[in-house]
Amino acid sequence: MTNLAEIWVYLAREPLAALTATLLAWLAAQRLARAARFHPMANPVLFAVVFLAGGLLLARVDYRAYFEGAQFVHFLLGPATVALAVPLARQWRQVKRSAPAAIASVIVGGVFAAAAGVALALAFAAAPEVTASLAPRSVTTPVAMGVAERIGGLPSLTAAIVICSGIVGAALGPALLTLLGVTDWRARGLAIGTAAHGIGTARAISVNEVAGAFSGLAMGLNALATALLLPLLWQLFFG
Amino acid sequence: MIAGLTTLLCCQLIGEILARWLSLPVPGPVIGMALLFIVLLLRGGEAPRALAQSADGLLANLGLLFVPAGVGVVLYLPVLAKDWAPLSLAILAGTLAAIGVTGLLAQALLRRLDP
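Top line first, the protein sequences correspond to chains S and C.
With the numbering used here, you'll find the first sequence wraps up at 239, consecutive numbering, no jumps.
With the numbering used here, you'll find the second sequence wraps up at 115, consecutive numbering, no jumps.
There could be a bad hint or two in this list.
Using C-beta positions, here's what the derived DEER-type ranges look like [claimed, not checked]:
# : chain 1 : residue 1 : chain 2 : residue 2 : range
1 : S       : Ala35     : C       : Trp84     : 26 to 34 Å
2 : S       : Leu229    : C       : Arg111    : 22 to 30 Å
3 : S       : Glu14     : C       : Cys10     : 25 to 33 Å
4 : S       : Asn3      : C       : Leu24     : 47 to 55 Å
5 : C       : Arg49     : S       : Phe124    : 46 to 54 Å
These stretches of chain S come out as covered by chain C in the derived footprint (C-beta under 8 Å, 3 or more residues) [as the list claims (entries may be wrong)]:
# : stretch
6 : 7 to 15
7 : 19 to 29
For the record, the hints were derived by calculation from the structure and aren't laboratory data.
Where a beta carbon is used, it is the ideal one built from N, C-alpha and C, also for glycine.
Work out the full structure: start from the sequences and follow the hints.
Following this line, the structure appears as structure tokens:
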């Protein structure tokens with residue numbers, strides 16, 4: 001019989017355990033969200049991250065060792081981003097008529113989202129690299145990491161901030177929009193996609209197909225606008 | 001399913017090559033999304049069945065794909081402990097303000113331009 005320490009060494013080295021743990025945590029998180037009747041506050045991404053982060057800290061497993069296995073899931077973010085074209089094309093007839101309004105509100109909202117984060121960080125005298133990591137907060141993870149790197153932020157801190165922002169937007173955004181009287185599914189989708197990128201879009205897709213298509217559109221547009229504009233604006237104000 | 005996934009990967013690959021070749025600031029997958037979108041529109045909007053299946057399957061579990069990067073938060077617990085006030089305020093207030101502003105503006109513009 002092999003002793004437990006040797007089995008542990010095998011598990012820590014091979015990607016199998018981390019990959020399996022990620023999928024199990026996701027299934028448990030989904031079950032929990034279902035038990036809460038898909039209330040927006042019961043966000044499955046948040047649950048799964050808490051389970052896994054807690055597990056890593058308790059078992060003293062290094063994040064890099066965990067990511068060796070989890071990267072197979074992470075890799076699928078690329079094809080999933082491409083896949084957003086499918087619902088967008090399906091809904092295009094409806095989206096097309098609203099395109100000018102959508103583009104204007106996403107650009108204004110996206111710039112506002114970046115400015116609000118930077119202003120709050122400056123007001124609290126956060127470290128410069130923390131401020132720079134906050135600026136691209138509202139766009140999808142790979143874009144935000146690239147932009148943060150260009151303006152002097154910490155890409156992986158940005159990834160954590162982006163995901164927290166997405167969870168906040170997906171969890172609290174719908175209630176806020178209802179409170180403000182934003183009942184139009186198109187406007188709700190645009191707002192969530194602009195500020196809460198893919199995590200908000202994942203929520204929007206599961207609630208309403210129109211909101212999902214507009215959320216995906218807003219996420220893509222904001223990624224484009226932020227990638228092009230933010231480094232220029234940053235140089236203008238802080239360069 | 002494999003055919004659909006291959007289409008998605010091809011679009012991403014072309015996007016990555018274009019981004020590097022032309023040194024575009026936009027990431028490859030976003031360019032891939034734009035390419036696939038144009039191709040689908042030229043075909044009349046509806047995706048072939050295999051592609052639609054793969055895309056809908058991935059998007060139905062979109063949240064899962066953010067989990068590995070999200071767990072990376074464990075690396076930043078010291079930074080979070082030190083700068084928790086600006087970080088949590090920027091994340092909470094900043095995100096909610098952006099949602100409010102975008103939602104109200106979008107609804108007002110949509111009512112005026114496309115009732």
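**Prompt:** Looking at the structure, which of the earlier hints fail to hold?
**Reply:** 6
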